[in-house]
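Spelled out, the chains give:
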Amino acid sequence: MTDWRADVFISAVQSSLMCQQFFWLIRKDLLSEWRAKEFLPGGAVFGLIVFSLFHFSFPQEVSRLASGAYWFALFFGGILGLLRLHERETAHAALDLLRLSQTSTTLLFLSKIVSLMAILLVLEALLAVPLVLMFDLKNLTFSSLLWGALIGFLAALGFALIGSLLTAVAGKSSAKELILPLVLLPILSPLFIAASEAGMLLGNPTEEFFSWLRLMIVFDVVMGVCGWWLFETVLETN
Amino acid sequence: MVAIRNRFRDKLEKGLPLAAVILMAAAIWAIFMIAPEEATMGEVQRIFYAHLSSAWVAFLAFALSFVCSIGFLSTRSTSFDRWAAASAEIGVLFCSAVLITGPLWAKPVWGIWWTWDARLTSTFVLWLIYVGYLFVRRFISSAEVKAPLSAVVAIVGFVDVPIVYMAIRWWRTQHPQPVIGGGEGSGLNPAMAKVLILSFLAWLLLAAALCWLRVRIASLEERVGRIKKQT
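Chains as they are written, first to last, in numbering that gives the first Met the number 0: chain S, 0 to 237; chain B, 0 to 230.
Extracted from the complex, chain S is given alone in its bound form (with noise of 0.2 Å):
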């Protein structure tokens, strides 16, 4: 064999197990959650109790709130889900193994986010069908719900990316219940305002729609670059 056949050859073995271990991390997570079953059983209850309870608040303006209302128990019940992954994780050990078996942070990284990432997208599915009765919601068209699909994946990024991050930081500390929305909730305000706004803005997607998103795809990327250039900065640490 030539030598570039070989280069080749060992660049797409190592890209094949590299792909292999991708898929392991991230079923690693999945399969504690579904085993565990605390992120998403607490998140949607947590959710139904929060919509309740904007309900006696605003009896008037109900059906205007549901945006915001959403976010808020997808946010504050994320965070409760993310102090119990971690917990998990830590419990276990699980982190300081496979750092211990050389898996590359990026690919560390990575798979945390798009585990993350899918337990949030199915909890925002579970929470989008009481939130339409509750909340009385009409007029929902089906290109609305394709719009509303591409802000929960905009937001569950931005969420699970920077979450992830803060959440191993606030997990070094003492009190990791009370940092965590701390820090967390302040960094996240933007995504929050520009999900809440835009999906208030679902019905009649005009350019003041289209400039939440375009600030919703910002966050993400900033944080994207962000989250890749310190996680290993958070991992190293101990």
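What the hints contain is simulated information worked out from the structure, not anything from laboratory work. Please read these numbers as outputs of a predicted model, since none were measured by experiment. Positions of the beta carbon are idealized from the N, C-alpha and C atoms, including for glycine. Each hint should be verified, as a subset may be incorrect.
Here are a few chain S residues that face chain B, going by a calculated C-beta distance under 7 Å [claimed, not checked]: (1) 101; (2) 174; (3) 181; (4) 185; (5) 186; (6) 214; (7) 218; (8) 221; (9) 233; (10) 234.
Following the hints, put chain B in place on chain S, whose structure we already have.
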């Protein structure tokens, strides 16, 4: 060489706070005695000198914290970490002053204490982010863990602020447009501009003195910690 450095440091330690106090007194005198009364807002407008100077100093302090955090992650030098922490504390202090003087000025002028406008909200979120940063520093006891993790929070937090500003820029804007570099129709009366520059320098010197003292305290605390470990 070390003796000269120590002597310079001692002089700076005494001289900087003294100079800050003198310049602050001069600035306060100028605000009340030299600056002309604003035509529409009257006497209450004098709070502008404290408000704007605090805002500029707070942003500079947060920027310094951001740069020092990057410096720490690149070099792992603890002196960067000390400066990052001190400047974040000073930034929170001056940002608190902005958030207090703003409503005090807004109530008589706008008729309300607070509005969720772009400038106000982004300043408030900035303050919240750095209060979170201080909480991270407080609740992580080990210095080896605290320094890199708080650097991560400082970097992410500072990068987030322009996005927060964009996120709320479509909201109604009650806050006036910038008086300096605000385009056509903006600008200050020359006497007001001189007092503003003096106030900014006084506030800046005060922040520098406080930051310097905070860094010195942190460095002495580290020394005490090391001595305690040895004994």
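Chain B contact restraint on residue 185 of chain S - CB to CB distance below 7 Å: Holds - the Cβ of residue 185 of chain S comes within 7 Å of chain B, reaching about 4 Å at its closest.
Per-residue hint verdict: residue 101 of chain S, partner chain B, C-beta under 7 Å: violated (21 Å)
Evaluation of the interface hint that places residue 186 of chain S against chain B, nearest CB under 7 Å: holds (5 Å)
Proposed interface contact between residue 174 of chain S and chain B, which counts if any beta carbon pair is under 7 Å: holds (5 Å)
Agreement of hint residue 233 of chain S with chain B interface, Cβ distance less than 7 Å: holds (6 Å)
Given hint residue 234 of chain S near chain B, where the shortest CB pair must fall under 7 Å: Violated, about 11 Å.
Closest C-beta approach of residue 181 of chain S to chain B relative to 7 Å, hint status: Holds - the Cβ of residue 181 of chain S comes within 7 Å of chain B, reaching about 4 Å at its closest.
Interface hint status, residue 218 of chain S versus chain B (Cβ within 7 Å): holds (5 Å)
Cut-off 7 Å, beta-carbon criterion: hint that residue 221 of chain S touches chain B: OK, holds: residue 221 of chain S within 7 Å of chain B, min 6 Å.
Residue 214 of chain S as chain B interface residue, shortest Cβ-Cβ below 7 Å: holds (6 Å)
Hint violations for this structure: numbers 1 and 10, all remaining hints satisfied.
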